[in-house]
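Asker: Spelled out, the chains give:
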Amino acid sequence: MKLARRIYALSIIPIISVLLALLVGAILIIVTSPASQGELDLLLPIKAYEALLEGATGISFLNTDDGALAFAFSIDPDRAARALTSTLVAAGPLVLTGLAVGVGFKAGLFNIGGTGQVLVGGIFAALAGAAVAEQPVPVAVTIAVLAGALGGALYGFIPGALKAFTGAHEVVVTIMLNSLAAFVIIGLVNDIFKITGPTFARTADVGNAILPVLFGRDGNVGIFIAFAMVPLAYFLIYRTTLGFEIRTVGANPSAARYAGMSPRRLIILTLSMCGMFAGLAGAIVILGPSLGYYPAVFGTTIGFAGITVALLGRSHPVGIAFAALLLGGMNAGAPAMQIEADIQREIIDVIQGLILLFLAMEVVIRRLLRVRAESIAPEELQTVSASYGQGSTT
Amino acid sequence: MDFLYQIPVLGFVFQIVGYLIDAVVNTNLAPQTLALATPIALGAMCGVMNERSGVVNIGIEGMMLTAAFVGFMAAVIVDDAMPDAQPSAFFGFTPALLVGVLAAIGAGMLVSALHAWMSISVRADQIISGTVINIIALGLTSYLNRTIQPSGSAGTFDSFHPPEALVDLPIVGWIFNMFLSQGPITMSVIVIVIILQVLLFRSRWGLRTRAVGEHPRAADTVGVNVFALRYRNVILGGIFAGLAGAWLTLEFNASFQNGMTANRGFIALAAVIFGRWTPIGAFGGALLFMFSEALGVAIRSNPPPGDLGVWLSGIQASYPSIYNNSFSALPYILTIIVLAGVVGRSIAPAAVGQPYVKEGAH
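Residue numbers (the numbering used here), protein chains in the order written: chain A, 1 to 394; chain B, 1001 to 1362.
Since the hints were derived computationally from the structure, they do not count as laboratory data.
Be a bit skeptical, because a hint or two may be false.
[Unchecked claim] To be clear about the criterion: a stretch of chain B counts as covered by chain A if any three or more of its residues have a C-beta under 8 Å from a C-beta of chain A, and this derived list gives those stretches:
#1 1079-1088
#2 1236-1248
[As the list claims (entries may be wrong)] Every beta carbon over 12 Å from chain B, so not counted as near; a handful from chain A, in silico:
#3 Val-139
#4 Val-213
#5 Phe-215
#6 Gly-216
Note that CB positions come from ideal geometry on N, CA and C, so glycine has one too.
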């Protein structure tokens, strides 16, 4: 009973936020239905969300064959297997970018640099993978994935070191580094690492370093790499001395200093680790069976989505895994929604942004709905914003 | 003059200086730089207004994008309703463009009001509030743009053509050319920057704003209404983000593309820090950032003389993409250097990022 109450208190705000976001999304779909369908369609959100759910899980609860809507629960096993596989494939990188933000929160650091770290991790993985393309599969995959993690860690080290030694705030530095990574990598791929042959600029194929498919069309090793990081991160944060130090410096930097911990070392270490998670995300996207090379024009939103994932999961590794599955499911179901209900897939981005909006205004939600719930925002977040105006942390 | 270029090392410097002067004075580089710097300078004014009163704003990008879309849609709708309206001789004003600009400003203020409410009343994390605005703005404008698929366009404002005599003046002619051969929004920037600079440092409002940004408790003690002032400044800041959006779809382009702000809001944030939270400084930062881009374009079309030109053309021929992208990357590198305190420290207003809680109230 006690556990059930605890789970309720922990999850009620995220659940309400998701429901409210879906509700606002539904209103948006209805309001824009004259443009998308040619007439005002009050039932369109139901159709859209049903297609979304079916695309993400294979569960269907509507029968739209004869034009009229009829309730009919059904699961097509083939479709469900395909849908769940694509949900897992989409969720993998989000778990990692979620950890890249969430672990930072624990230390009172806001890592907005997920995007840049994903790109750097991706290019490192692609280049290392191309270099070991002829090696046996286990060797090639291991080296390429580790190279991605290393690339991300290096790119997380930069804001960490700048913050520790100069006090430059990590939020602004990582925003700048996001754009910087994009420009530098486009230049490098176009001028140096481009291979001749393909019609567009891209790096060489990674050959044997491509992540082996284990089930379904594209259910690959990357999923396991990503979800394996969840217990690892949990152990690190809650069961090791380093994790204790990270949590202490996040909750109260001066207390940590008085206790003899070095905030400098912890800032550098934590941001490098955040970068490593995001770099891994880049590696499993680039090495995944649908790519296998780094295209010069490679835009990705998984870095920013990591912020939503981390907050939705209360920056706890287990929560992050659930949040990533939810967002991954939305991304996986979006194409089905676009085809079956003719709703542009960008609505997913709006809904994910709205989730974040409602999470951010949880104080209002708690007051309005009078729910007994724990605050969603990690307490360490106060350390983040409060440090913005101060020149130095050490 | 060529003999100067032959001196080792120093000759190289002469070449660079000579080329820069030539590029600024004799080509169209100066007006082009000012035009490109407009949305960044305006976004930076929004940032200065926010951060000087103690509110972090990383949502400038989203505010701009929303304003660009709303302004464009409003202009297209009005243009459809009154197809016979003739552009006036003055900047090519049409009712559609005018309504578009007003709608863009309104949209900028509305999004800013959301940010103000989240940051000041709800006391949500201000960095997250800005991130929310960026994510929703990109998603919502892309969704609406794809769903509605607006056809047609309301055109753009015309540039003003200063009298030839003024532009041809020796030594100072290029300055007139730079500031006068512009559309209305670009031309308004310089006025806005100067007014804001004077108000911020020479008026009662400015003193109060800076006090609220540095030490809200002290300001409250002497009777300044911290909440009201922050609300007012953040929402007024939205005007500038809105104008920046209007520049994108009503002055520079005549259409809306998804994500067309292309990081300009983040460069604006960089300009604020680069300019140490002053309007003039931020404007200078925006000009410097865009001058480097414009210079990159100029060198491509017209390489400088002597060794310098050979050297630059060589890099450009071998590594065209790295060469071009390094000019785009420059603002970000400069900002990180400034933040790290390598060339003098840049310190934010002390209370930035902290929601204000009145003593005793909860």
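Asker: Look at each hint and say if it fits the structure.
Answerer: How the hints compare with the structure:
no. : hint      : verdict
1   : 1079-1088 : violated (count 0)
2   : 1236-1248 : violated (count 0)
3   : Val-139   : holds (32 Å)
4   : Val-213   : holds (31 Å)
5   : Phe-215   : holds (32 Å)
6   : Gly-216   : holds (29 Å)
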